[in-house]
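Colleague: Now for the letters of each chain:
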Amino acid sequence: MVLQKHIRPFSDIISIIFPAVIDPMTQFQPKAVALISGGLDSMLAAKVVMEQGVHVEGINFYTGFCVEGHTHAIRKKDRNKPKRNNALWVAEQLGIKLHIVDVIEEYKDVLTNPRHGYGANLNPCLDCKIFMVGKAKQWIQDNGFDFIITGEVIGQRPKSQRKETMPIVARESGADDRLLRPLCAKNLPPTLPEREGWVDREKLYDFSGRTRKPQMALAKQFGLVDYAQPAGGCCFLTDENYSRKLSDLWQARGEKQYELDDIMLLKVGRHIRPAPHFKLIVAREEGEGRFLQGYKNRFTHLQPVSHGGPLTLIDGKPSEQDLELAARILARYSQGRDAEMVEVEATQAGQSRFFKVPPMKPHEIPAEWML
Amino acid sequence: MDAVTPHRVDARGLLCPLPVIRLQDAAKTLPPNSLVELIGTDPGILNDVPAWCRINGHQILESREENGEFHVLLKLGE
Ligand code: SF4
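Order-wise, the sequence lines are chains A and B.
Each residue of the first sequence is one higher than the one before, counting from 1149 in the numbering used here.
Each residue of the second sequence is one higher than the one before, counting from 14 in the numbering used here.
Everything labelled a hint here was simulated from the structure, so no lab data went into it.
In this text, a Cβ means the ideal position worked out from N, Cα and C, and glycines have one as well.
Warning: the hint list may mix true and false statements.
Chain A stretches covered by chain B per the calculated footprint, using a threshold of three residues with CB under 8 Å from any CB of chain B [stated by the list, open to error]:
1) 1352-1360
2) 1475-1488
Cβ pair distances, simulated, as ranges [unchecked claim]:
3) A:L1408 <-> B:E79: 25 to 31 Å
4) A:G1303 <-> B:E78: 35 to 41 Å
5) B:L74 <-> A:G1303: 47 to 53 Å
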C-alpha cells in the first residue's frame, strides 16, 4: 500500500508536468466552447474547465434584447458612466477568445413561438437556452471543438434552471452529453468530457438552489472581482416594463413580429398609446432625442416650434385628428406646458404642417395610455 | 485595395455590440496585418473595440471623434 502511494501512474506524472489534459501520445488537447453571458456563473464555469487544462473559447449570442450597453449609449446621463461589454470583459479576464454571434433574425422564432412558453415576463428562457446551446453545438462541429460549457446551476432560476430542464436543454439542443455544466455537474449524470477523462469530475461542483454564496466563494478563490451581477437575467425580456411594451406592440400590429428597430425603440423614450392604431415615442432627454433623430425620416414626427421640447416619433398611421391629439400630448412635455398654446410642427412623408394647440394637462392623459 | 487603404467597416447607427460583430465578421475575411477603419456613432465603440482588440491580438492605431462619429483605425494581428 505504502509503495503504491509513492509510485504514481505514468498519466499522473504527465499531468503534473503538463497541467493541461494533453494526451502525451496523441498530443490531443480537448477544446471547449463556453457560453459567456457576461455574468458570474458562465465566467466561473469557463474558468473551472480552463483550470483543468482544456482549451476554452467563449461564445456570446446577440439576440437584440441583450442588456449590454444600449441604454448607456443612448441616455445622456449614463454616458459618462464607465461602460463595458461584460462578455468582452469576462473573456479578457479569463484570457480567452470570444466569438460574438448575431442571432437577431433566428431569435425571432424563439421569442414568438416558444415551445416551452414564457417565464414571468416575455422571457422564453428554456427555449432560449435550447436555441443557444444548439447554436453552440453547430459551432463546435464547424470549428472542431469537443464540448460545450454553460454556467447553469440546478435550481438557480425557478423556471428555466431546474433538475427537469437540464436534460431537456441537452436533448432538444442536440448537444446531448457534449454539454457540461461544471458548476452543478456532480448533481447530474457524467457527460462525455467526464467519461473520456477530458475533465476530472471530482474537480467539478455540485452547486444547487438559488443561493449565490458558493459562486461568490469560488470567484474569491479564483481572485475574480468586479464581475457583473445582473439582477433579473441577461436580457430585457425579463423586465416587466419592457415586456409590457413589447406585448402592446404585438397587439397593435395584430401579429407577433418585430424588426430590430422596433425592439431598440422600445428601450427609448416615453411610449404613449392613445389609440390602437398609433403611439407616441417621446424623448425624455437630450441623448434619447439624438437617438430618435436617426429614425425621424422613417416616421411621422413632431417637434414643438414655439417652445423647446422633445422630438416625438409616431408609430402607426395617425389621422389628422390623431396628429392634433399627439401635438397636445407632446405640448405637455414641452417647455410650453403651462402656456395657453404651443405650436407644433408635424412632418409626415416629408410634408410639414403646423398645429397650434393647448397643452394637455397631466390629469387629462389617461394612465392606461402610458405604456 | 492597396496596402495602406484601410478596409472600411461602417457601423453608423448601430448600437454595441453590433459594431464589434461587424468588425469581427469583416476581420474573418481579411488577411493578417490588414488595416481596418471602423466608423460608428455609439460611443461604446471606444470601450468595446479596444477590449475586442486586446482579446484577439489586434492593435489600435488611432481613435478619434469627428462630428459625432467615432473613427477607430486598427491593424489586425498575425
Ligand atoms: S434571460 Fe433572456 S437571454 Fe437569458 S435565458 Fe432568458 S430569455 Fe435567454
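Colleague: Within the segment 1475-1488 of chain A, is the number of residues with a Cβ closer than 8 Å to a Cβ of chain B three or more?
Modeller: Since three or more residues must qualify, the claim that chain B covers the segment 1475-1488 of chain A is violated, with 0 doing so at under 8 Å.
Colleague: Could you say whether the range 25 to 31 Å given as a hint is met by the Cβ separation of L1408 of chain A and E79 of chain B?
Modeller: Hint holds: Cβ distance 26 Å, inside 25 to 31 Å.
Colleague: If you look at each residue in the segment 1352-1360 of chain A, do at least three have a Cβ nearer than 8 Å to any Cβ of chain B?
Modeller: n = 0 at 8 Å, threshold three: violated.
Colleague: Just tell me: holds or violated, for the beta carbon distance of G1303 of chain A and E78 of chain B against 35 to 41 Å?
Modeller: Cβ of G1303 of chain A to Cβ of E78 of chain B: about 47 Å, so the range 35 to 41 Å is violated.
Colleague: Regarding L74 of chain B and G1303 of chain A, is the given constraint of 47 to 53 Å on their beta-carbon distance met?
Modeller: The hint (47 to 53 Å, Cβ to Cβ) holds, given that L74 of chain B and G1303 of chain A are roughly 49 Å apart.
Checked against the numbered hints given earlier, the structure breaks hints 1, 2 and 4 and satisfies all the rest.
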